[in-house]
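2 protein chains.
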Amino acid sequence: MRILGIDPGLNTTGYGVLEINDRKLRLVEAGIIRSKPSGTLSERIQEIYDGVTEAIDSLKPEVLALEKLYAHYDRPTTAILMGHARGVICLAAAEHGIEVEDYAATQVKKTLTGNGRAPKTQMQLAIQHELNLANLPEPADVADALAIAFCHYCVWRGQRVANQSADP
Amino acid sequence: MRILGIDPGLNTTGYGVLEINDRKLRLVEAGIIRSKPSGTLSERIQEIYDGVTEAIDSLKPEVLALEKLYAHYDRPTTAILMGHARGVICLAAAEHGIEVEDYAATQVKKTLTGNGRAPKTQMQLAIQHELNLANLPEPADVADALAIAFCHYCVWRGQRVANQSADP
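Chain order of the listed sequences is A and B.
Using this note's numbering, the letters of the first sequence map in sequence onto residues 25 to 192.
Using this note's numbering, the letters of the second sequence map in sequence onto residues 25 to 192.
Keep in mind the hints are simulated off the structure, nothing from the lab.
These numbers come from a predicted model, not from an experiment.
Incorrect hints may have been included.
As a list, the in silico DSS-like pairs of lysine-lysine whose alpha-carbon atoms are at most 30 Å apart [stated by the list, open to error]:
hint : chain 1 : residue 1 : chain 2 : residue 2
1    : A       : Lys84     : B       : Lys60
2    : B       : Lys48     : A       : Lys92
3    : B       : Lys144    : A       : Lys92
4    : B       : Lys144    : B       : Lys92
5    : B       : Lys60     : B       : Lys134
6    : B       : Lys92     : B       : Lys60
7    : A       : Lys84     : A       : Lys60
8    : B       : Lys60     : A       : Lys60
9    : B       : Lys84     : A       : Lys60
10   : B       : Lys60     : B       : Lys84
Chain A with its partners taken away, still in its complex shape:
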C-alpha cells in the first residue's frame, strides 16, 4: 500500500509517499509543489492541483492523508485560503478514486512523538528516525506531509492488528 501525505499551502505544498511492503515501511518520494507568489489565487490553485495530479499519476498512492480541517480563530482568512488549496487536492483525489483520510494536527504530533504539541524540530527528528533517513526532512512542509502519511500508517496498522485479533 502507498500513502500520499500532503501539507497544503498557497506558496509551498509538501508531499510525501510512504510504501508498506512486507510489513516494512519505506519512503518512496517526498518534495515540494511550489506556486508563484506573483500569480492570481486561481493560477496558484491550478499549480497546486497540477502538482498533486502529477504526484498521484506517477506515484500511484491508494490513499491520501491530509490534516483535518480546523478553524484558525485568529487567522480566519488564511484558513479560507487554505480551504481553496485543500479543495483542489480533494478534487485530484476524487478524480483518481483515491480515498481521503484526515487527521487533527494534535493527533499527528501525538502519534509521532507522544506529545500533541510537539515543536517542528521534534517532529522532523521523529520522522527522520521512523523512516531511517540519512538527513532531516527539509523544508518543514515535507516533514509535515510525511508525518501525516505516517499517522495514517499507524492508524491503518492499528486497525489491521485489531481485525486480526478479532478473527477466530
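We have chain A already, so just place chain B on it with the hints.
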C-alpha cells in the same frame, strides 16, 4: 461579453450567465448545480467542479464573478468548507483562461438595491426587474449568482464609460 456569476455552496451552487450585446443585457441561462449530501467532501467538490466546467464549456463566458472571500467569525468551519468549493471553481476558471473577479456581498447588494444590507427577497425582486424576467429567480442561490454577475456588469460598464470620457 458573457459574465458567469456563481454563488458557491456545498449542497447547491447557483450559476447564471448574462450577455451584453449592443449595450443590451440579457439572461442566457441560470440554474443550480447540485451535489449529493450523502457524498464525501471530495465527491461533492468533484460534482461542483464538473458542473462548473460543464457550464463554462457550454456557455463560454469571458469572466467569472464570485462573492469576495470573507471570514464568518461565527461560522469558521462553514467558511473553510466554502473555501473548498470556491477553490475548485477558481480552478475551472484558470483551466479555461477565464479571469475571476470578486465582489463583497455588501457591494453586490448596494449595486442592485442601493442598500448594502438588502434582504434576499428585495434582491430577487431587483434582479427580476433589472433582467426583465417574467418570474422571480428561484431558488435564492440562482438570484445570488445573477446578482453577482450583474454587479460585475455595472462595474465593467462604469469603467467603460470612464475610459470613453477620458479619451480625447
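Status of each hint after checking the structure:
A hinted pair counts as satisfied when its Cα atoms are at most 30 Å apart, and A/Lys84 with B/Lys60 qualifies at roughly 27 Å. A C-alpha spacing of about 48 Å is found between B/Lys48 and A/Lys92, which places the hinted pair above 30 Å, so the restraint is violated. Restraint check for B/Lys144 and A/Lys92: the C-alpha separation of about 34 Å exceeds 30 Å, so the hint is violated. With a C-alpha separation of about 18 Å, the suggested pairing of B/Lys144 with B/Lys92 holds against the 30 Å cut-off.
Between the alpha carbons of B/Lys60 and B/Lys134 the distance comes to roughly 33 Å, so the proposed pair goes past 30 Å and is violated. A distance of roughly 25 Å separates the Cα atoms of B/Lys92 and B/Lys60; the hinted pair therefore holds under the 30 Å criterion. A C-alpha spacing of about 26 Å is found between A/Lys84 and A/Lys60, which places the hinted pair at or below 30 Å, so the restraint holds. Annotation: proposed proximity of B/Lys60 to A/Lys60 is violated, straight-line Cα distance about 34 Å (limit 30 Å).
Distance restraint check for B/Lys84 and A/Lys60: the Cα-Cα separation of roughly 27 Å lies within the 30 Å cut-off, and the hinted pair is therefore satisfied. Restraint check: the Cα-Cα separation between B/Lys60 and B/Lys84 comes to about 26 Å, which is no more than 30 Å; the hinted pair holds.
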